[in-house]
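Q: Residue numbers (this note's numbering), protein chains in the order written: chain A, -17 to 203; chain B, 13 to 257.
Keep in mind that the hints are not guaranteed to be accurate.
Each computed BS3-like pair below joins lysine-lysine, with the alpha-carbon atoms no more than 30 Å apart [unchecked claim]: (1) Lys158(A) <-> Lys245(B); (2) Lys165(A) <-> Lys113(B); (3) Lys119(B) <-> Lys154(A); (4) Lys68(A) <-> Lys113(B).
Derived from the structure by calculation, the hints contain no laboratory data.
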Amino acid sequence: MLSQFDFSVFKPSLTFLWTGFLFSGNLTLIAMTGGIVFGTLLAMGRLSSLRPLAVIASAYVNLMRSIPLVMVILWFFLVIPLITGKPIGAERSAIITFTAFEAAYYSEIMRAGIQSVSRGQAMAGYALGMTYWQNMGLVVLPQAFRNMLPILLTQTIILFQDTSLVYAIGAKDLLKAAEIAGKNYNRPMEMYIFVAVIYFVLCFALSTIVKRLHKKIAVVQ
Amino acid sequence: MNYHWNWGIYLEKIKGGEETYLSWLITGLQWTVAVSLCSWIIALVLGFLVGTLRTMPRRGVARLCNAYVELFRNIPLLVQMFLWFFVMPELLPRNLSLWVKQEMPAKEFVTATICLGLFTSARIAEQVRAGIQSLPRGQSYAGLAMGFTLPQTYRYVLLPMAIRIIIPPLTSEFMNVFKNSSVAFAIGVLELTFQARQMQEDSEQGIETYLAVTLLYFVCAFVTNRAMSWIEKRTRVPGLISTAK
C-alpha cells in the first residue's frame, strides 16, 4: 500500500535525474529543429511537380509512419554502425533516429500547412517574378508555419513523450535515469511514480499553453 | 559495409534449442495481434463511454472525463507500462497484490493489454467527443423535441452519425494500436519487437531479423486498414456522408 512508499528518495536523486532530463530535452529540441527542417523539405518534395522527387518523398514518409518507433530506433542502432564502420553510441544514434523519424511526421503537418495557404498567394509571388525558393521562403512558408504552429508544437510534445523509447537501446534519458536511481536507492516504485509525475506536469503545462496559442492564432485568420 | 548475409536464417534452429527462428517470429506475431486486438476492444468500449460522457450537459461528469483523457495523454506509454507492471500491484489490497504478483496467468500480457487499452481509450474518447460535437446542434434538439430521453437521443440520433464520421480517424488509431503494442516488449511480453531483439542477439543476423519483423508490422497495418475501409463502406449512409475517396 501507499504507506510503505518512501518518497524521501526524490531529493538525493534529483541531480542524477537532471542529467537524464537534459538528454531528453536536448534530444527533443534537436529532433524538433532537424525534423521541422527536413520535414519541410520533404513536404516541398511531396508537393513538387518533379514526379520522382514526389514519389521518393512520399515513400519515405509513408514508410516511417507505418513502422513502430521502437523498430525504427532498433534499425538505426543496427544499421548506422554498419555504414560508418564503427559504433557511435546509443545517444548519438538516438539523435539521428529521432530527427529522421520525426521529419516524416512534421512533413505531413507542413504539407497541410503549405496547402492551407491560398493559391493566389503563390501565384502573386510568381507574377512578381520571384523564383521558386524566393516564393517558398518569403511568401508561402512563413504563412504555413504560422498556421501550423500549434500543431507543430503538439507534435513536439508527442516527440518529448516518445523520447522515452530510447530505453530500447539503453540511452540515458529521463526514464532510464529514474530507473537507475530507483535501483541505486532500492526504491524503484517511487522513482517510476516520480518520473510519471514529471512527464505529466511538463506535457500538461505545455499542451495548455499550446491550446491558448491555438485560440490566439485562430482569431487572426 | 561488411555484413554477412544469410537469408536462410529463418529456418535455422535457435542456439541450444529445437525451435526455428521462424517459430519465434510466429509467436511474436501472435502476441502482437493478441495484445492489439484485446486492447482495441477495451479502448473502444471505454473510449466511447468517456467520449460520450464528455459531451453530456452535466458539467461535473464532463470534467471528470476530461481529466481521464488528460491523464492518459500526457504520460509516455512506456512509463505507463512500468506503472501498471511494477507500481500498480503494490497499490492493491494485500491478498490481491500477492495473487497478481505470483499467480496471475499471463501477467505481462494482461498488464500490457490493460495499459494499452486505457491509453488508446483516451485518444478514442477525444475523437468521439469531436465527432459528436461536429454534428449540427439541431440534431440533438430535434431528438429531444421528438420526446426522446437524453440517452435515447444519443443512442438513436447522435451516436450512429458520430461513429460514421469518425471511422477514418479510428482507422489510423487502430493502426496505431499495432504500432504501440511494440512498447510491450519492455515488460516482457513476447511480441514482435521482443522477438526481434531476441532473435537479433541470438542469430546475429540483425538486418534479416528486422526486415522480417518490419514486414510483419506492415502486414498488420495493411490488414487493419483494409478491414476498416470495408467497414466504412458497409456502414456508409447513402447521400448523407460525402463519398470522398
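Q: None of the hints should be skipped; say for each whether it holds.
A: Checked hints:
1. Lys158(A) <-> Lys245(B): 45 Å, violated
2. Lys165(A) <-> Lys113(B): 19 Å, holds
3. Lys119(B) <-> Lys154(A): Satisfied, since the Cα-Cα distance of roughly 28 Å is no more than 30 Å.
4. Lys68(A) <-> Lys113(B): 43 Å, violated
In summary, the numbered hints that this structure violates are 1 and 4.
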